[in-house]
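Undergrad: Going down the list, the protein sequences come from chains A and B. First residue of the first sequence: 1, per the working numbering; consecutive thereafter. First residue of the second sequence: 1, per the working numbering; consecutive thereafter.
Derived by calculation from the structure, the hints in this document are not laboratory data. Check before you lean on any hint, since a few could be wrong.
[Claimed, not checked] Which stretches of chain A does chain B cover? Using the computed rule of at least three CB atoms under 8 angstroms from a CB of chain B, they are:
| # | segment |
| --- | --- |
| 1 | 49-62 |
| 2 | 81-89 |
[Claimed, not checked] Derived Cβ-Cβ restraints for the label pairs, each shown as a range:
| # | chain 1 | residue 1 | chain 2 | residue 2 | range |
| --- | --- | --- | --- | --- | --- |
| 3 | B | Ala361 | A | Glu90 | 44 to 52 angstroms |
| 4 | A | Gly68 | B | Asp36 | 18 to 26 angstroms |
| 5 | A | Gln116 | B | Leu370 | 53 to 61 angstroms |
| 6 | A | Leu6 | B | Leu370 | 44 to 52 angstroms |
| 7 | B | Asp36 | A | Phe31 | 29 to 37 angstroms |
[Claimed, not checked] Covered stretches of chain B, as calculated for chain A (at least 3 residues, CB under 8 angstroms):
| # | segment |
| --- | --- |
| 8 | 124-136 |
| 9 | 165-174 |
Glycine included, each C-beta is placed from N, C-alpha and C at the ideal position.
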Amino acid sequence: MKYLCLICAEKVMEQMPETDAAAHFDEYRTFTNDIRNRGHLIGSNRLLPASAATTVRVRNGNISTTDGPFAETKEQLGGYYVIEARDLNEAIQVAAKIPGARLGCVEVRPIAEDAQTLRALGVGTPDTPV
Amino acid sequence: MRKGQATQMHATVEAIYRSESRRVLATLIRLLGDFDLAEEALHDAFRAALEQWQRYGVPENPRAWLVSAGRFKAIDAMRRRTRFDASLIEIAKQMDVEARDPAALYNDSIEDDRLRLIFTCCHPTLPPDAQIALTLREVCGLTTEEIAHAYLATAPTVAQRIVRAKNKIRDARIPYQVPSQADLPERLDTVLRVVYLVFNEGYSASAGAALTRHDLSAEAIRIGRLLIELLPEPEAMGLLALMLLHESRRAARTSSTGNLVLLAEQDRALWNRDYIAEGSALVERALSSHSFGPYTLQATIAAVHAEARSPAATDWAQIVGLYDVLLRADSSPVIELNRAAAVAMRDGPAAGLALIDAILARGELANYHLAHSARADLCRRLGRTGEARAAYERALALMQQEPERRFIERRLEELDS
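Produce the entire structure from the sequences given, and follow the hints as far as they go.
TA: Spelled out as structure tokens, the structure:
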């Protein structure tokens with residue numbers, strides 16, 4: 001059984017004062033290391049803020065896109081794919097092929113890949129000093 | 001003497017800024033891949049121009065000079081920043097190499113950059129408000145204050161909208177490109193809608209704000225012209241034609257006291273014949289493409305009005321027919337209402353009134369002031385004075401509430417944000 005833990009917060013990293021964010025990143029590094037060692041970790045990413053999100057729907061074969069995350073009232077998060085795409089246009093084309101896009105919608109959120117995030121997750125790239 | 005020369009150079013650079021700055025910006029955004037960096041580079045380039053042209057004269061191709069200068073300034077700025085961000089070193093090095101090859105800098109895609117800019121600003125994944133603000137800011141070069149004034153918003157609200165949109169373009173990686181042929185129809189629709197919204201905001205201005213708002217219509221027409229120059233799609237022609245044909249009536253639309261004058265009562269000698277000629281020619285070009293849509297149809301209706309010497313001499317049968325086609329393409333109660341008014345002209349007020357009452361009975365336009373004023377007008381012509389008065393009063397009540405309601409809505413929005 002796998003679980004997706006969707007982290008909800010009033011303030012995301014980008015909205016915190018720099019020192020608070022740095023401390024929070026440290027906490028995440030500790031936590032991530034911990035669950036990795038215990039064998040709980042399958043995969044994890046930090047998402048960029050909801051202001052960068054796009055919601056894709058397909059109705060009658062037509063793709064429609066709107067700014068922002070999907071409304072949380074009726075729809076609930078049912079799963080997620082991590083995809084690789086050249087840019088938002090290509091990501092939308094891929095997202096539109098997810099079967100769920102015809103029934104509900106798919107929120108497309110860019111994944112944070114800045115050096116600080118990668119360090120916190122313990123997956124620093126070779127050229128970034130960890 | 002030297003002072004006179006300096007003033008003259010100032011005027012020259014200013015004129016070049018007006019004619020070239022948006023083109024230069026569009027290219028710099030492509031080269032630098034970042035709106036803010038490009039804007040900074042644009043201003044640095046013009047500052048450099050003011051200094052250096054004074055000494056060495058205006059270059060043969062000011063646009064190429066400015067793009068090149070802007071790019072070098074950006075490389076400098078990036079170098080300074082590399083102390084803080086190591087990842088920029090490689091980018092700056094790469095750009096340095098490319099910048100030595102002028103062909104890489106200045107090629108056929110320069111004109112496309114303006115189109116790329118329009119499609120990026122009107123990307124459907126940006127909120128509609130932001131599409132408009134960003135287009136006016138980046139494509140037309142309006143200041144944040146000018147946009148705020150035109151939309152009765154505060155400058156910080158508009159500035160925030162623009163900043164958020166730019167952040168989304170960068171963070172979500174919205175590409176700086178003209179859409180592929182497959183995506184073009186839908187993407188062009190968004191662009192045309194933004195342009196038409198800008199035009200209407202300028203066209204439906206109240207007398208008090210008329211001056212600034214007129215600029216919005218002029219800006220929309222400018223983008224419309226740019227669009228058909230770069231992308232001669234039938235509906236782009238249709239929209240430009242529609243805007244020109246509406247704009248042709250501007251002088252006749254308001255009385256000397258600032259009151260709205262309806263089409264039937266306008267002094268047609270005041271209509272701008274040049275706009276009508278340009279608009280009508282575009283309508284013919286769009287219609288001959290056989291792949292036109294709602295904008296072209298609306299422009300065709302406007303062109304039929306423009307041809308008529310008087311309301312009575314108007315080809316109402318043709319107008320009703322065009323509304324029938326338009327309703328099939330885009331069924332909306334407002335178009336039905338316009339069709340009803342045309343039927344009233346063709347078949348008499350009773351026929352039109354029956355159609356309007358049917359629309360109102362469905363409740364869709366119950367709060368639309370033009371539905372009530374159209375009904376009032378037909379009742380008046382039928383001698384049903386009591387009904388006419390009631391309908392006029394209803395229309396008036398709705399009209400007076402509208403600007404206030406919008407004002408309060410905006411204030412609430414600002415409280416929320």
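Undergrad: Could you run down the list of hints and mark each one as holding or not?
TA: The hints, checked one at a time:
Here the segment 49-62 of chain A counts 6 residues with a CB under 8 angstroms from a CB of chain B, which clears the bar of 3, and the coverage holds. Proximity of the segment 81-89 of chain A to chain B, defined as three or more residues with a beta carbon under 8 angstroms from a beta carbon of that chain, is established by the 4 residues found. With their beta carbons about 49 angstroms apart, B:Ala361 and A:Glu90 fall inside the hinted range of 44 to 52 angstroms. About 22 angstroms separates the C-beta atoms of A:Gly68 and B:Asp36, a value consistent with the hinted range of 18 to 26 angstroms.
Distance hint check: the CB atoms of A:Gln116 and B:Leu370 are about 56 angstroms apart, consistent with the given range 53 to 61 angstroms. For A:Leu6 paired with B:Leu370, a C-beta distance near 47 angstroms keeps the hint of 44 to 52 angstroms intact. A hinted range of 29 to 37 angstroms for the beta carbons of B:Asp36 and A:Phe31 is consistent with their spacing of about 35 angstroms. Three residues within the 8 angstroms Cβ limit are the bar, and the segment 124-136 of chain B against chain A gives 5, so the coverage statement holds.
Coverage of the segment 165-174 of chain B by chain A holds in this model, with 6 residues showing a Cβ closer than 8 angstroms to a Cβ of that chain against a need of three.
Violated hints for the displayed structure: none, as all numbered hints are satisfied.
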